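As given, the protein sequences belong to chains A and B, one line each in that order.
Per my numbering, the first sequence starts with residue 1, numbered consecutively.
Per my numbering, the second sequence starts with residue 1, numbered consecutively.
No lab work stands behind these hints: they were computed from the structure.
There could be a bad hint or two in this list.
[Stated by the list, open to error] Here are the simulated DSS-like pairs of lysine-lysine, each with C-alpha atoms no more than 30 Å apart in a straight line:
hint, chain 1, residue 1, chain 2, residue 2
1, B, K212, B, K138
2, A, K80, A, K219
3, B, K212, A, K235
4, B, K234, B, K138
5, A, K343, B, K105
6, B, K67, B, K234
7, A, K343, B, K243
8, A, K153, A, K80
9, B, K232, B, K90
10, B, K138, A, K80
11, A, K260, B, K243
12, B, K234, B, K90
13, A, K343, B, K90
14, B, K232, B, K243
15, B, K232, B, K105
16, A, K80, A, K159
17, B, K234, A, K260
18, B, K67, B, K212
19, A, K80, A, K260
20, B, K77, A, K260
21, B, K108, A, K343
22, A, K260, A, K343
23, B, K105, B, K77
24, A, K219, A, K235
25, A, K260, B, K105
26, B, K108, A, K260
27, A, K343, B, K234
28, B, K67, B, K108
[Claimed, not checked] Simulated restraints, written as ranges between beta carbons of each label pair:
hint, chain 1, residue 1, chain 2, residue 2, range
29, B, V89, A, A19, 50 to 58 Å
30, B, P46, A, V351, 44 to 52 Å
31, A, T239, B, A240, 19 to 27 Å
32, A, L358, B, N86, 27 to 35 Å
[Stated by the list, open to error] Not the full set, but computed from the structure, chain B residues with beta-carbon under 10 Å of chain A:
hint, residue
33, Q97
34, N177
35, P178
36, C186
37, R239
Since the structure is predicted, the reported quantities are computational estimates derived from the model, not experimental observations.
Here a beta-carbon is modelled for each residue, glycine too, at the ideal position from N, C-alpha and C.
Residue-level listing of the chains:
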Amino acid sequence: MQSALTQRLRIPNFYWLAAIGAIISAAGTLAAFYMEHHGHQVTGMNNQVFWGLPHVFAIFLIVGASGVLNVASIGTVFGKKVYKPRGPLSGLLAITMLAAGLFVIMLDLGRADRLIVAMTHVNWTSVFGWNMVLYPVFFGLVGLYVWLLLDRKMYAYSKAAGTAAFIWRLVMTTGTGSIFGFVVARQAYNSAIIAPMFIIMSFAWGLAMFLIFQAAMYKWEGSQLDEEIRQRLNKLLGTFVAAVAYFVVVYHLTNLYYAKQTAFETFILVSGGIYPQLFWGGFVVVGTILPLLFVFVPALRSMASSSVLASIFTILGGLAFLYVFIIGGQAYPLEMFPGMEVKSSFFDGVVDPYVPSLPEFLLSIGGFGLFFLLSLIVVQILPFMPQDDMAQLRASGALQD
Amino acid sequence: MSEPQDRIENKSRRSFVGAAAVAGASAGVAALAPGLKLIEVAGAAPRAPGEPASSAVRWGMLIDTTKCASGCDACVKACATENGINETVKDPRQGSQWIRKIDLKDPKTGQEYSLPMLCQHCEHPPCVDVCPTGASMKRADGIVLVDRHICIGCRYCMMACPYKARSLVHMPLTEQNPLVPRGQGCVEACTFCVQRVDRGQQPACVEACPEKAMLFGNLNDPNSEIAQRVAKEKTTQVRADLKLNLGVRYQGI
Ligand code: SF4
Ligand code: SF4
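Next comes chain A alone, as it looks inside the complex (with noise of 0.2 Å):
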């Protein structure tokens, strides 16, 4: 009964395209082995800041991966039918944001060999120990969701499934969120309010991805998305990012009146530098002010390039937000004396110069190089295409729904 969702894709120019992809995915697969050999000395990181520009790029990919199958659940769990054509999309760049998310955390381990060590010694009372369990399930309810979205015959089981995944990945951003909330040690992090956050944040970032992919798919096709489904999954990302910001206000509303951390919210927001600077100019008006504008402002929304720019000012607004929330949480001395001044040896009481080298940087992009190739792979050779039966949605009222 049901009506073909996706069609199959002929992608113009698709050699080329992998072969960009392919590329940039082996420079970072490269930097890590230089890493890897080399040890971390050839990063810019170091005992204060350890978890660097990788991190920031692979806690992206992994909280977006949630996100983006928010578009699935928006149609199979909820019913909406603009958003059915296109859960077979969003549970794909689910499972291909993730592996690239994990590709990249996992290169950047001090022992990038000991993978099956990490499999097979589970500490239980780890955050990072139950995500040994909540990504395999990810990948495993999601390819079988997408799986029963593409098998017509077995399409009336999708509904399950597709609750499964959803509830899953809500449990999986909670997870990475309380990699952060549960660190008591750190004036940054120690907060109930993370995981929601991430949640959101998961929402906007992983729309914003699927914009960009699905943008580039009807361009390969050579066909335009329909004006008002367009619309309507721009204000989606609108709202998205207004409910980021509210969420980043309380995270340091909080800080500030509760925690009171003053010290290190004005380290954060005032006098810190660079951290400052990204976050007043990369996640306040990149990441939140121009997406907004590009949503909402008649002039600026009728551009067809507008969900494009939205969405890529909404993934460098996440990726500046991350920044400073990762590396600037721990450039920030640890405060272990309050009150007094500190000096040592080992840049106690000491703000750290934290700059990314060259290696660093490919495999953090080697990440989003990766995701591409892979999408790119999956969507030539199987049908992922959304199509939209407009007449029947304009019929039965469901762009207005």
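Chain B with the ligands: place on chain A using the hints.
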């Protein structure tokens, strides 16, 4: 990456140190027989390889900051010698520091203090809680260690430690002390010189301190000097608000 120690997978955490010592002393691993009889030991008696650490003991350290001299780093040097921390480091931020000297100044009173900072051997160690593989572990006698054969170098423990007590080895290592296995890409920290303690000796830093500012002993033994002083005198735990019940106590701050 291919040193022989890597191939030793210690199944029992409790025998970790003994095993590492055996493995280091003779590259053969056969001596690591499973099912060695577990004998409880008390006090500071030497511990034979393979014999488990005892929970009757809680090793601890009391540091008198009023005796510790600013500018003196005898403890830091002794630690480096004992544990083979001798690699050349281009950026000091990337070097391992198992123990470091911290100088404090109270801006209100102008009072200055100097003290060594090291792994506090927490009773409730956050590093152990967060470690995904269980490489970070606490021995029955309270010594917190990293099993360097299953550490994947994720650095989550460094994130969790409130004392910046852990270091990632940022470079390939050569010329190691066979009793103290270390390795590139793994995280490490002060072990209370477990290889010495198990022989009935004091940690190298304690022995080296010219001012006798550090006292090492069994906090669980009411007759030990450390237990008596902790019971009678005023001592402090750093960041006591975290309630980690530290093995290292300070006096004078
Ligand atoms: S001081 Fe740090 S490294 Fe040592 S036991 Fe406590 S948390 Fe772990
Ligand atoms: S770096 Fe090693 S010891 Fe530390 S949490 Fe990761 S696996 Fe455990």
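Evaluated hints:
For the proposed pair K212/B and K138/B, the alpha carbon gap of about 27 Å is at most 30 Å, so the pair holds. With a C-alpha separation of about 25 Å, the suggested pairing of K80/A with K219/A holds against the 30 Å cut-off. Our distance criterion of 30 Å between C-alpha atoms is broken by K212/B and K235/A, whose separation comes to about 69 Å. For a cut-off of 30 Å, the pair hint linking K234/B to K138/B stands: about 27 Å separates their Cα positions.
Note on K343/A and K105/B: the hinted pairing holds, with a Cα-Cα distance of about 9 Å set against a maximum of 30 Å. Between K67/B and K234/B, the direct Cα distance comes to roughly 15 Å. Compliance with the 30 Å bound is thereby established for this hinted pair. With a C-alpha separation of about 25 Å, the suggested pair K343/A and K243/B falls inside the 30 Å cut-off, and the hint holds. Using a Cα cut-off of 30 Å, the hinted pair K153/A and K80/A holds, with the two alpha carbons roughly 21 Å apart.
Simply put, K232/B and K90/B have alpha-carbon atoms about 46 Å apart, too far for the 30 Å limit, and the pair is violated. Distance hint between K138/B and K80/A is unfulfilled; the C-alpha atoms sit about 52 Å from each other, more than 30 Å. Taking the CA atoms of K260/A and K243/B, the gap is near 19 Å; set against the 30 Å cutoff, the hint holds. Proximity of K234/B to K90/B is assessed by CA-CA distance (about 41 Å); at most 30 Å being required, the pair is judged violated.
This hinted pair checks out: K343/A and K90/B have alpha carbons roughly 21 Å apart, not beyond 30 Å. Between the alpha carbons of K232/B and K243/B the distance comes to roughly 21 Å, so the proposed pair stays at or under 30 Å and holds. For the hint linking K232/B to K105/B, the alpha-carbon distance of about 27 Å falls within 30 Å, and the restraint holds. A hinted pair counts as satisfied when its Cα atoms are at most 30 Å apart, and K80/A with K159/A qualifies at roughly 12 Å.
Of the supplied pair hints, the one linking K234/B and K260/A holds, its CA atoms being roughly 28 Å apart against a limit of 30 Å. With a C-alpha separation of about 8 Å, the suggested pair K67/B and K212/B falls inside the 30 Å cut-off, and the hint holds. Pair hint K80/A plus K260/A does not hold up; C-alpha atoms about 44 Å apart against a cutoff of 30 Å. Taking the CA atoms of K77/B and K260/A, the gap is near 39 Å; set against the 30 Å cutoff, the hint is violated.
Of the pairs offered as hints, the one joining K108/B and K343/A holds, with about 17 Å between alpha carbons and a cut-off of 30 Å not exceeded. A threshold of 30 Å between alpha carbons decides the hint, and for K260/A with K343/A the separation of about 23 Å falls inside it, so the pair holds. Proposed proximity of K105/B and K77/B is supported: the alpha carbons are some 24 Å apart, at most 30 Å. Distance restraint check for K219/A and K235/A: the Cα-Cα separation of roughly 21 Å lies within the 30 Å cut-off, and the hinted pair is therefore satisfied.
As the CA atoms of K260/A and K105/B are separated by approximately 22 Å, the hinted pair is consistent with the 30 Å bound. Taking the CA atoms of K108/B and K260/A, the gap is near 21 Å; set against the 30 Å cutoff, the hint holds. Straight-line distance between C-alpha atoms of K343/A and K234/B comes to about 25 Å, which keeps the hinted pair within the 30 Å bound. At most 30 Å may separate the alpha-carbon atoms for a hinted pair to count; K67/B and K108/B meet this at roughly 22 Å.
The hint said 50 to 58 Å for the Cβ distance between V89/B and A19/A, and at roughly 40 Å that hint is violated. Between P46/B and V351/A the C-beta distance comes to about 46 Å, which sits within the given range of 44 to 52 Å. Under the hint 19 to 27 Å, the C-beta atoms of T239/A and A240/B, about 45 Å apart, miss the expected range. For the hinted restraint 27 to 35 Å between L358/A and N86/B, the CB-CB distance of approximately 29 Å keeps it satisfied.
For Q97/B, the interface hint holds, since its Cβ comes within 10 Å of a Cβ in chain A; the closest pair sits about 5 Å apart. At a threshold of 10 Å, the smallest CB-CB gap from N177/B to chain A is about 19 Å, leaving the interface hint violated. Interface restraint check: P178/B against chain A, minimum CB-CB distance 21 Å, threshold 10 Å, status violated. Restraint check, C186/B versus chain A: the minimum CB separation of about 6 Å is within 10 Å; hint holds.
Of the supplied interface hints, the one on R239/B holds, with its beta-carbon coming within about 6 Å of a beta-carbon of chain A, less than 10 Å.
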